[in-house]
Amino acid sequence: LEIGSDKDAATDFRLIYATTDGVQAFSVRGDGYVDVNTLFVATGGVTIQDNGLHVTGGGMTVAGDPAVIRAETTQDPALEVTATEGDFGGDVLSLIAGAQYNTTGFNFLTATTSASADALFAVRGDGAAVISGGGLIVEVGGATIEQSGLHVNQAGATIAAGGLNVSQDGLTVEDGGAVIYDSGSNASTLLVQNLDVALPSHLSVLSIVSSAPETGVPYPDSFNLLDVVLDGDSTDPMSVLVVSSEPRTLVRAGGMDIIGGVTVASGGLMVEAAGVTIASGGLNVSGFGSFDTDVQVQGVLTTRGGLISTGVVTGTDVVIDGSVTASSGTLTVNGVASTGA
Numbered sequence: 005l006e007i008g009s010d011k012d013a014a015t016d017f018r019l020i021y022a023t024t025d026g027v028q029a030f031s032v033r034g035d036g037y038v039d040v041n042t043l044f045v046a047t048g049g050v051t052i053q054d055n056g057l058h059v060t061g062g063g064m065t066v067a068g069d070p071a072v073i074r075a076e077t078t079q080d081p082a083l084e085v086t087a088t089e090g091d092f093g094g095d096v097l098s099l100i101a102g103a104q105y106n107t108t109g110f111n112f113l114t115a116t117t118s119a120s121a122d123a124l125f126a127v128r129g130d131g132a133a134v135i136s137g138g139g140l141i142v143e144v145g146g147a148t149i150e151q152s153g154l155h156v157n158q159a160g161a162t163i164a165a166g167g168l169n170v171s172q173d174g175l176t177v178e179d180g181g182a183v184i185y186d187s188g189s190n191a192s193t194l195l196v197q198n199l200d201v202a203l204p205s206h207l208s209v210l211s212i213v214s215s216a217p218e219t220g221v222p223y224p225d226s227f228n229l230l231d232v233v234l235d236g237d238s239t240d241p242m243s244v245l246v247v248s249s250e251p252r253t254l255v256r257a258g259g260m261d262i263i264g265g266v267t268v269a270s271g272g273l274m275v276e277a278a279g280v281t282i283a284s285g286g287l288n289v290s291g292f293g294s295f296d297t298d299v300q301v302q303g304v305l306t307t308r309g310g311l312i313s314t315g316v317v318t319g320t321d322v323v324i325d326g327s328v329t330a331s332s333g334t335l336t337v338n339g340v341a342s343t344g345a
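Residue numbers for the sequence shown follow the working numbering, beginning at 5 and rising by one.
Source of the hints: derived by calculation from the structure; they are not laboratory data. Don't take every hint at face value.
[Claimed, not checked] What follows is a list of derived Cβ distance ranges for each label pair:
(1) Asp12 / Val66: 13 to 21 Å
(2) Ile141 / Ala14: 52 to 60 Å
(3) His58 / Glu6: 23 to 31 Å
(4) Gly102 / Val213: 52 to 60 Å
(5) Phe125 / Val66: 17 to 25 Å
(6) Pro81 / Leu207: 32 to 40 Å
All C-beta atoms in this analysis are idealised placements derived from N, C-alpha and C, irrespective of residue type, glycine included.
Using the sequences provided together with the hints, build the complete structure.
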């Protein structure tokens with residue numbers, strides 16, 4: 005069958021027009037446009053060489069074998085899905101699997117390249133997004149995790165800017181410790197502040213706890229609970245304050261200024277070198293005073309339980325409520341008041 009027309013191709017006439025009961029079933033327009041109610045292709049498929057396939061109504065359903073889209077372009081997307089309605093409120097793209105929910109046996113989505121044997125990005129059947137290459141870059145809007153938290157199995161987490169803000173439930177480092185490096189000069193490297201104005205008495209703003217028992221070993225041959233160091237980058241750093249596991253607190257440089265006094269509950273006071281100088285207020289010994297070296301009093305020395313010295317005692321105003329014993333040396337006092345022997 006050959007159908008021809010002497011008229012040039014145009015849209016104002018038909019080459020073929022077929023009807024059933026007065027209703028058009030099939031037509032071929034003069035420009036080659038085919039209008040068919042239903043098209044069924046049993047074998048061989050359909051090949052469109054130019055202008056593509058346009059579905060203006062009814063949508064498109066591919067049943068049976070999967071659909072494959074190949075695009076020979078270097079710029080345009082291979083697949084573009086657009087919802088053109090301005091008040092559209094559904095899903096632009098919906099992926100539905102008939103498999104069991106929450107399983108890792110299939111993927112909703114897989115992204116790869118012809119040069120890669122493994123998927124670079126995949127959305128598993130349990131909803132997990134797996135990124136196997138390139139990482140994740142969030143340029144605007146940040147990332148919010150509603151449940152299950154953030155888990156980093158390798159390489160840690162790096163925050164280039166903005167810092168880390170934990171607004172609830174605190175921060176826990178289970179292993180590996182924590183190291184803080186700070187190159188800034190306008191803020192404290194570490195600030196620990198509790199904003200509760202009625203903090204319970206059994207809590208501490210800062211607590212340093214070791215599961216190891218006391219060692220009984222003097223510094224520096226034991227581990228330390230606290231070590232405050234100056235000039236730490238040099239070959240000879242200066243350890244200023246140490247709380248050792250002996251346990252003992254050592255002020256190793258600079259001395260110590262105390263406002264409010266010092267109370268020694270047990271163990272007494274031992275000065276290994278340079279002695280003790282009291283600028284004002286004198287020295288009041290409520291118990292027994294014992295000195296293994298020379299004692300020079302330029303102000304007031306008051307003892308409530310007597311005085312024993314194996315050295316020289318020199319003073320201008322000494323008050324002793326107990327006895328005075330000088331086992332050696334010389335006792336020279338200009339004005340001694342003693343209620344004992």
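Verification of the hints:
At about 38 Å, the beta-carbon gap between Asp12 and Val66 misses the expected band of 13 to 21 Å. Restraint check, Ile141 to Ala14: a C-beta distance of roughly 55 Å satisfies the suggested window 52 to 60 Å. For His58 paired with Glu6, a C-beta distance near 28 Å keeps the hint of 23 to 31 Å intact. The given range of 52 to 60 Å is respected by Gly102 and Val213, whose C-beta atoms sit roughly 55 Å from each other.
Between Phe125 and Val66 the C-beta distance comes to about 24 Å, which sits within the given range of 17 to 25 Å. Between Pro81 and Leu207 the beta carbon distance is about 59 Å. The supplied range of 32 to 40 Å is therefore violated.
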